[in-house]
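A.B. asks: Sequence:
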Amino acid sequence: MRFLVKPAILLLLTVGGVMSQTNVNYSKVWMEHAHKVPELKIPSDVKQWEQQRAGIRAQLWKLLGNLPPRPKVPVVKTISREDRGDYFLEKFEFDNGAGATVPGYLFLPKNVSGKAPAILYNHWHGGEYAIGKEEVFHKVHTPEEPGPTFAKRGYVLLAIDAYCFGERNGRGPTGAPNEKGSGELSASKFQLWYGRCLWGMIVRDDEMALDYLLSRPEVDTNNVGVTGMSMGSTRSWWLMALDDRIKTSVNVACFTRYQNILEHDAMLRHGIYYFVPGMLEHFDTEAVVCNLAPRPALFMTGDADGGSPIDGIRVLESKAKEAYAVYGKADNFQSIVYPGLGHVYLPEMWQKTLAWMDGHLKGK
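Going by my numbering, the first residue of the sequence shown is number 1, and it counts up by one from there.
No lab work stands behind these hints: they were computed from the structure. Among these hints, one or two may not hold up.
Straight-line Cα separation of at most 30 Å, DSSO-like style, residue types lysine-lysine; simulated pairs [stated by the list, open to error]:
(1) LYS189 / LYS62
(2) LYS91 / LYS36
(3) LYS47 / LYS189
(4) LYS115 / LYS321
(5) LYS152 / LYS362
(6) LYS36 / LYS47
(7) LYS28 / LYS152
(8) LYS247 / LYS77
(9) LYS352 / LYS47
(10) LYS28 / LYS247
(11) LYS329 / LYS139
(12) LYS139 / LYS91
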């Protein structure tokens, strides 16, 4: 998610020869002249829903575009390995097969006998292009440093730089560092020329990161979770929707429904990476969220977060509950909305994240 100043849009009207100004939401005007988005209907029969779910997933992959095929397991180069006391820290990189080198960190806990549960940690956006995966060492976006904290709790944790972030900042098609999203815009334009979207390529890299994480002998492949805040949240629930190897997720902020973003004139609160061509021809993001069922997922969002309009959250919650109810697993979906809270990761949220992961990946 990005925070941009939204320009005031005014319509000048002549009434009795006098100019007057009226606020106009042009997003709504455009929506009124676009086709109606098909409603997602959830059947009560598991078999029927499973067939529909498979079709939704196939359509999502199609919408992401003509993505280059990825290898079964990325060829990874380990750059360094450090003993950090409670854990080993490996720095690595892999070639994504699409012209980009993807750097990352892998935390390997020492206090585990046998295979360990694992976390794929997705960094946020915030316009902080220089940070990327370094977020795992910060307690700014989260109340504690995610990497060391999870490692000390016995988790393997992996994080990579998404397109245009961290060490990949300035490695786009123009070769220039991001300034107010310029590198991100160039990367998006390039992908569109080749029949795919930037979001699809980000998800593809996250899939490759998951492939590598699951290939590590230290990892219990039956107990892998994904988490993040803001763009990291969106990356997490999209990836879980597209890949059944993920057992659970915790998603902080950016629980968003596209039509409600339009209705609230909030498009400028999200960067260009966020937009999937043709999405609303088929469904809104409830179709993505419902693909998580019946696996456990926790969403935590502030009702004053302008990038996640509360009326959209309520639609997503309603549809997700229907999908989880098909399996008799209503408790596996939880959405907590914090009154008066903006785009913030509270200490209470962090404690819930840790408890959720322990409960679903460690059985505590």
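A.B. asks: A separate judgement is required for each hint: does it hold in the structure or not?
C.D. replies: The hints, checked one at a time:
At most 30 Å may separate the alpha-carbon atoms for a hinted pair to count; LYS189 and LYS62 meet this at roughly 18 Å. Between the alpha carbons of LYS91 and LYS36 the distance comes to roughly 48 Å, so the proposed pair goes past 30 Å and is violated. The suggested pairing of LYS47 with LYS189 is violated, with an alpha-carbon distance near 40 Å, which exceeds 30 Å. For the proposed pair LYS115 and LYS321, the alpha carbon gap of about 33 Å is over 30 Å, so the pair is violated.
A distance of roughly 14 Å separates the Cα atoms of LYS152 and LYS362; the hinted pair therefore holds under the 30 Å criterion. Straight-line distance between C-alpha atoms of LYS36 and LYS47 comes to about 28 Å, which keeps the hinted pair within the 30 Å bound. As the CA atoms of LYS28 and LYS152 are separated by approximately 49 Å, the hinted pair breaks the 30 Å bound. A C-alpha spacing of about 27 Å is found between LYS247 and LYS77, which places the hinted pair at or below 30 Å, so the restraint holds.
Between LYS352 and LYS47 the alpha-carbon distance is near 33 Å, which puts this suggested pair outside the 30 Å criterion. Restraint check for LYS28 and LYS247: not satisfied, since their Cα atoms lie roughly 38 Å apart, outside the 30 Å limit. Simply put, LYS329 and LYS139 have alpha-carbon atoms about 34 Å apart, too far for the 30 Å limit, and the pair is violated. Taken as a hint, the LYS139 and LYS91 pair is honoured in the structure, with Cα atoms around 20 Å apart against an allowance of 30 Å.
Taken one by one, the earlier hints fail for this structure at numbers 2, 3, 4, 7, 9, 10, 11, listed in ascending order.
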